[in-house]
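Q: This is what each chain is made of:
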Amino acid sequence: MSEDKNVKMEESADLNEGRREFLKYVCTSSAAALVVAPESSGAVVEAANSADADVTVAEFFQGHFVLMSDEEKKQAIARLEKRYTAKYAKKTTVSDVAAPDGVLFGYALDMSKCIGCRRCVHACVEENNQSREGSVIQWIQVMKIPKGNISFSADELEKGYPEKSKFGDYGVQVGGNAYHPAGLSTEGAQSYYQDETVPDKDFFYLPVQCQQCEKPPCVKACPVRATFRDHAGVVLIDYNWCIGCRMCQLACPYQARRFNWGEPNLPAEDMNPKTHYFGNRPRMRGVMEKCTFCVQRTREGRSPACLEACPVGARKFGNLLDPESDVRKVLATKRVFRFKEEFGTYPKFFYYIG
Amino acid sequence: MKKAWSFAKDTSLYAVKGGSIFYAWILFLFFFILVGSYTSYRQFTEGLILTGATDQITLEMFFANFVFTAHVAAAAVLVVAPGYFYHRKDMKELAVIGEIVAMVFVATGITFILYHMGRPDRLLHMVPGIGFMNFPNSMLVYDTIVLNVYLYLNLFGVLYILYNKYVGTFDAKHLARWFTPIVYLAIAWGPLIHIVTAFVLASNARMESWATAVLPFGFLSMAGASGPSLIVVIFLLARKYSKLEVTDSVIDLLTTIIAWSLGLLMLVFAAEMFSVLYSSTEHADSLKYNMFGRNGLNMYVPWFWGIIGTLIGCFIALLFPRIRRSYDFWLPIVCFLVFFGVLVEKPMVLVFPAFSPSPLGEYTEYHVTVIEFFNVLFVWAMAFLWLTLIVKGAIGILTGEVRYHKSLSHTVEQS
Amino acid sequence: MIYLHKPSKIVVFALSSFLIAGMGAYKIANAAGENTGTQTAKPVTDCYESREDYTTVSRTENAVPEYGFPSIKCSKTTGAVLWYGDPFEGTVPMGEMPEIKDATHGNFANAVVKPREPHLMYFNMGPDGCKTCHDGKTVPYPKDKKPRLLNMHQDIVANSLELQHGRGAVWCLDCHSATNRNKLINRRGGEISFNQPQRICGECHGEKYIDWRAGVHGKRVGAWTSHEGKRRWWVCTECHNPHTVQKNRFNPVRPEPAPPLPRGMKNANHERNGAE
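Which chain is which? The protein sequence lines are A, B and C, in order. Residue 173 in the numbering used here sits at position 173 of the first sequence; the count goes up by one each step and never skips. Residue 376 in the numbering used here sits at position 376 of the second sequence; the count goes up by one each step and never skips. Residue 209 in the numbering used here sits at position 209 of the third sequence; the count goes up by one each step and never skips.
Among these hints, one or two may not hold up.
[Claimed, not checked] Below, simulated SDA-like cross-link-like pairs (lysine to any residue); rule was C-alpha separation at most 25 Å, straight line:
1. K147/A / N295/B
2. K215/A / L321/A
3. K91/A / G68/C
In short, the hints are calculated from the structure, not lab data. The model shown is predicted, which means the values in this text are computed figures rather than measured ones.
Excised from the complex, chain A in its bound form:
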């Protein structure tokens, strides 16, 4: 139900005429509203010293992007391009290309091939302008999970067998030879492994990023609809509308959302100047971000950066509505599962055993 509504948001822009009028009124009328919070006034004062004070002010009063008129969108994009170009000293483009029609993006990842090299993690950082040092943000987390054949041994056969007690010898058996986590369980998963080489033969690896759920709990939890599902099925965030309450992070069963706890630290020379409004444009402090399936690439037909970096070709991306796409072929021929299916979120990110 909520999802339907959010999809419609993009189409119902003209219904919000009144709201926009009001916004304009607020923008033009007074600066009194600037004292809403110490931070905003601080930001405005700071910006007033630099040349682009009106850029900051206009950005502050900007509405939800999907509800803007085309004219307002153009202005917002121009503001951002100007600001980023000045800040990072390189020509930056901010795209607002809409999602292609007749497309439902899907991802498939071969669990049996992944070697846990974390190249996808760092490719994502290069592509999506995440914060580097200080408040590090990475959208993909790779878990190293025991295969389960580490410590079976004959001497442990009797381990934990009920011992005789004064209550008799019909106690409850605890432990034993196979008393270890195994299989696809986050119990015993390691995310901070630092091995000399990968893969480790006793472990398998499971990279987790935003699963682009069809029923996203994060969209449900957001109090201001800053996060929503676009019609290609990707869950996006308007960074300029997010209030930073982190209810979405709390709701996400995949730990896929990342918060800008501090001012993002993005060195100018590492900055990727090809950006999208909902994708990899530089973020600000205090807003949520997450994997967007590289919206700046995929909406223009190119594969996501994590896929391109994967050295073993474990990652497949494509249109779930196209039976000829890689993802559909994987779904048709391999054994596929969804991670944490029990949460009923219906991810469009599939894991398979190839």
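Based on these hints, arrange chains B and C on the given structure of chain A.
A: Positioned in the frame of chain A, the structure of chains B and C alone reads:
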């Protein structure tokens, strides 16, 4: 209009005047306000990175304290309800103190939420018209609505009663026809804010230790224990240092409420612990982590057992009439322990350990930073400052020391 | 007037000023820490893609002038290619592929590959590549395909009698042409380019080959669209070393650095003890 002006003036002038203990208390609070102003400035300019929150443990001390303020705010109805539902004469006069506590603590809770937010400057995005609310999906939207309504209901109730008492037109037996429903609504609204706050937490399916139906019951029983504890202390102080008449029967009723709320809390805890620990599925993981630690991470273990021990101890202590009636010594101590125990329970048992294991199996400890700690103290100091001043002004009106016909200079001389 | 406890006032004042001074000092110390530090390291230019012992890829600056992208960005710690500015740099069309008439037929119209042939100049011997030596005179052509001990190329196959492929069923000359070392041969003796090893591998590994043609196995970069749009295909040997594949299907690589620990955590030891 003139009446309203002199009401504001007389009450505030009465509220800021007091003895040496009063000024020492205010100064004590001002110390934290002073330091807190600086730490708040740091946080609002540099961001939440100055707190201990991480992507693994995304709720900080602010949110934990917010839940606690909702406890106390909701519990204030326990002072209002006996007066209005059971027509207890001794309570009806004091009901306004309960409403003040509710009002101040709801406002404090909202302040904590502002500290919790990453972009408090974008608060307007939630105001319909300028922005929009994700209604009816987001639980935070419900919480915002019920908290604000509760704040204004109580603000209105307190102002109405105090103002009418001030000008001398208040007749407890013949309240205005429209006022009684408002009081009843406010009474019903108290548990409501609490249940909704519990639902904000319980609505997150991934937080396995919160996704339990007993959460609202646990919250309500903790509210019944912590809120009246604060009010008992306020009443004990008020009757010692002012002319406000608080009979022993009032204190005894509140003590009974505290004791049996704690009793109920024991049951809720026991039920939750049994149902997760017996089957010991993944739902038990975070409780086990809290109780026994895991692989060398055992920061929360002493807190857990300390809090459980304190609350059980207080429950048992309150069963003894000698302690219940020791108004000058044991009772305040027990009340303080209950209040403080439930306060510390929020971060150390309810919030932080619930994030381990994370959805990806991570176990993490939360390390509170100095700045965060002083920001929490800042908000608390503000809360107690307002509480002190408003309660003091209210006492002035309730005892009749502040009245409309008396001239300003008169009041000053009397105090 | 307002009466104050003098001692308490002094204590409070002293305490608060002490604290504020402390905080200020802390802030200044922090600021000093921030200023020193991050110097930009030079980008890594010689990198590898999937196999470390395969063709080296080098970084070209400003390969996409529109955005100022380099052709690739590599990891500073492992030298692995992380990011493609221009994924098609130095690629050629995949070439003729045999047709298979079933549901999983591949779509090679827009397929490009990174050619392997230009890199066959062993020891940089010249444009003739392997033929510089294997011309039938300098090194005579072998008489048959029987395994024998080689004195050369130990870097490719340490012991030619123990080739780690096919469990003894195949040997070098089952894939490498005996008379034209710049080409591979299929089982019918037809010459195959080094750019298209899949046409040989697929003769034995049919199932994987079908998966690869369908796009289920193996790596592709570029467009995600199934019909139009250029895609670079990784061929078999870009990931699998055919000479050692029996030992390691995919050679172990050094992983990229771990994410930082959550703030406040000192180590991740609790994680490693997890299995106990």
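Q: Would you mind marking each hint as holding or not holding in the structure?
A: Results for each hint:
{"no.": "1", "hint": "K147/A / N295/B", "result": "20 Å, holds"}
{"no.": "2", "hint": "K215/A / L321/A", "result": "18 Å, holds"}
{"no.": "3", "hint": "K91/A / G68/C", "result": "9 Å, holds"}
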